[in-house]
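Taken in sequence, the protein lines are chains A, B and C. Following the working numbering, the residues of the first sequence are numbered contiguously, the last one being 194. Following the working numbering, the residues of the second sequence are numbered contiguously, the last one being 827. Following the working numbering, the residues of the third sequence are numbered contiguously, the last one being 134.
In short, the hints are calculated from the structure, not lab data. Mixed in with the good hints, there may be bad ones.
What the hints assert, rightly or not - Derived Cβ-Cβ restraints for the label pairs, each shown as a range:
{"no.": "1", "chain 1": "A", "residue 1": "F137", "chain 2": "B", "residue 2": "R700", "range": "34 to 42 Å"}
{"no.": "2", "chain 1": "C", "residue 1": "L43", "chain 2": "B", "residue 2": "D710", "range": "48 to 56 Å"}
{"no.": "3", "chain 1": "B", "residue 1": "G703", "chain 2": "C", "residue 2": "A77", "range": "50 to 58 Å"}
{"no.": "4", "chain 1": "C", "residue 1": "D15", "chain 2": "A", "residue 2": "A124", "range": "51 to 59 Å"}
{"no.": "5", "chain 1": "C", "residue 1": "S14", "chain 2": "B", "residue 2": "P747", "range": "16 to 24 Å"}
{"no.": "6", "chain 1": "C", "residue 1": "L102", "chain 2": "A", "residue 2": "R84", "range": "36 to 44 Å"}
{"no.": "7", "chain 1": "A", "residue 1": "K171", "chain 2": "C", "residue 2": "A115", "range": "34 to 42 Å"}
{"no.": "8", "chain 1": "A", "residue 1": "R130", "chain 2": "C", "residue 2": "L43", "range": "29 to 37 Å"}
{"no.": "9", "chain 1": "C", "residue 1": "L102", "chain 2": "A", "residue 2": "K171", "range": "17 to 25 Å"}
{"no.": "10", "chain 1": "B", "residue 1": "R811", "chain 2": "C", "residue 2": "A115", "range": "39 to 47 Å"}
{"no.": "11", "chain 1": "C", "residue 1": "S72", "chain 2": "A", "residue 2": "F137", "range": "25 to 33 Å"}
{"no.": "12", "chain 1": "C", "residue 1": "A67", "chain 2": "A", "residue 2": "W83", "range": "45 to 53 Å"}
{"no.": "13", "chain 1": "C", "residue 1": "G59", "chain 2": "A", "residue 2": "R120", "range": "33 to 41 Å"}
As the list claims (entries may be wrong) - A few chain C residues that don't get close to chain A, going by computed Cβ distances all over 10 Å:
{"no.": "14", "residue": "A17"}
{"no.": "15", "residue": "V53"}
{"no.": "16", "residue": "R107"}
It should be emphasised that the depicted structure is a prediction, and the values quoted were computed from it without experimental measurement. Ideal placement from N, C-alpha and C gives every residue a C-beta, glycine not left out.
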Amino acid sequence: MRRASDWRAHRHPSWWAFVAHRVSGLALAIFLPLHFLALSTALRGDAALDGFLRYTERPLFKVAEWGLVVLLAVHLAGGVRILMIEFAPWSGLRKDFIALTCGAGIVAGLAFALALVH
Amino acid sequence: MDRSGDMLRVAIWRSRGDGGGFAHYDVPREASQTVLDVVTYVQRRLEPSLAYRFACRVGMCGSCAMTVNGVARWTCRTHVARVADGDRLEIAPLANLPVVKDLVTDMREFFDKWARARGRFGGARTRRDDFARVDPASPARRAADAGIECIGCGVCYASCDVVRWRPDFLGPAALNRAWTLVNDSRDTAQRERLAAVAGDAGCHACHTQGSCTERCPKHIAPTAAIAGLKRATARAAVRGTLGAEPR
Amino acid sequence: MKRAAAATAAGRSDAAGRVLADAIRQGRRWYWQRMSAMVLALCVLVHLVTIVYAVRAGLSAEAVLARTRGSLAFGAFYGVFVLACAVHVPIGLARIAEEWLGTAPRVADAAASALAWLLAALGLVAVYGMVAG
């Protein structure tokens with residue numbers, strides 16, 4: 077038999093960065109085809125797209141949109157960190173980039189929220 | 581704070597049939613006590629049948645690696661005072677390796693993967709040839725030097741989740757060793773080595789979780805080595821030389 | 002490049018050749034995921050800024066389509082964006098399926114290819130709908 081690591085082995089920033097990157101990617105991957113389908117209502121004319129856009133005015137939708145924007149910013153920043161680790165000269169696990177990723181999520185979330193209430 | 585005189589409540593993994601569980605022991609605390617001291621005390625005074633591995637007990641051989649409070653460490657270099665959860669200590673065998681008995685794991689697959697990654701030097705010179713000239717300040721040699729201190733303790737392998745998810749994954753130590761040899765200008769087995777470390781059994785399965793680099797007691801960065809292998813194998817694949825017979 | 006690799010792989014014994022061919026394919030997949038990631042890094046940055054501005058202006062069909070209808074720049078940019086997504090997303094999902102769902106590699110890869118085509122089709126249709134309408 078083999079023993080497996082539990083959560084105590086995962087208490088370090090690089091691991092959390094991995095989880096955030098994978099979970100955000102998964103959520104965005106599920107969202108993407110829906111996003112394409114929604115936008116293709118424009119094929120049936122402006123009125124069709126407008127109908128859909130009014131449907132998204134509901135508060136639940138706005139919260140979901142906000143969440144997706146934050147996840148997109150997190151996935152982007154985390155992805156840039158991976159590209160740095162894999163292609164740039166080695167400079168550690170780039171924990172400064174992990175902080176930047178959190179910052180990017182906060183900035184994107186704030187910008188979107190402010191734009192919504194504007 | 582000198583805690584000698586207090587008691588530690590220690591949970592140690594014991595094999596039972598095909599599985600196992602934690603057995604509990606009370607161990608007196610001492611000043612500057614290490615986790616290896618605790619295990620040794622239990623085996624000598626409380627439980628003679630406890631199986632565990634150690635050799636140098638001074639942080640040179642890597643034999644005493646175990647899972648302490650959930651994290652892979654060298655027990656001889658881990659002070660109880662630094663890792664004890666109050667008065668509790670949990671000691672288990674390394675993760676990701678078959679358990680032989682109690683705290684002893686079967687390291688064969690770890691070293692087999694080392695060999696599968698072409699982690700051995702292959703040279704062309706004989707004693708009749710002149711010495712190879714290697715500039716120690718060259719980028720390649722510095723990259724190799726950053727990884728050659730590995731003593732094969734298995735802490736990185738036990739800390740890696742990709743090893744758990746993909747049984748074929750060669751693991752951080754084997755890939756790190758391969759990278760030191762990729763950067764060795766004297767080695768002549770480069771094509772076979774790059775072919776051996778490419779793909780999902782090799783470097784491309786690494787997700788840069790960084791647990792290996794975070795936990796390595798010698799402060800080696802297998803993540804850096806694996807990133808280097810990713811670039812080297814991609815370059816070879818694009819040029820069509822990955823695994824190709826030398827012309 | 003594919004043919005050269007297959008030829009060298011054929012020079013070996015069957016099993017070893019297959020292992021090597023697999024490794025080459027997986028390495029190439031890693032490469033394309035990272036290349037598409039670099040493209041997406043730029044696209045997503047532009048997209049995020051655009052979305053924030055669009056939401057401020059108010060999301061109505063007129064406001065959005067006024068900017069996209071007949072715009073070659075929009076079509077080109079989002080066309081590239083869609084294709085990069087079609088490369089990037091399925092590779093990531095296939096890895097998750099293999100590692101967390103225990104999916105066999107061949108099955109995961111086949112599903113990934115199918116998803117890539119689906120995303121490209123859906124996405125390009127959406128871009129077309131917003132440009133040509």
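>> Output the indices of the hints that this structure fails to meet, ascending.
In response: 1, 6, 9, 10, 13 and 15
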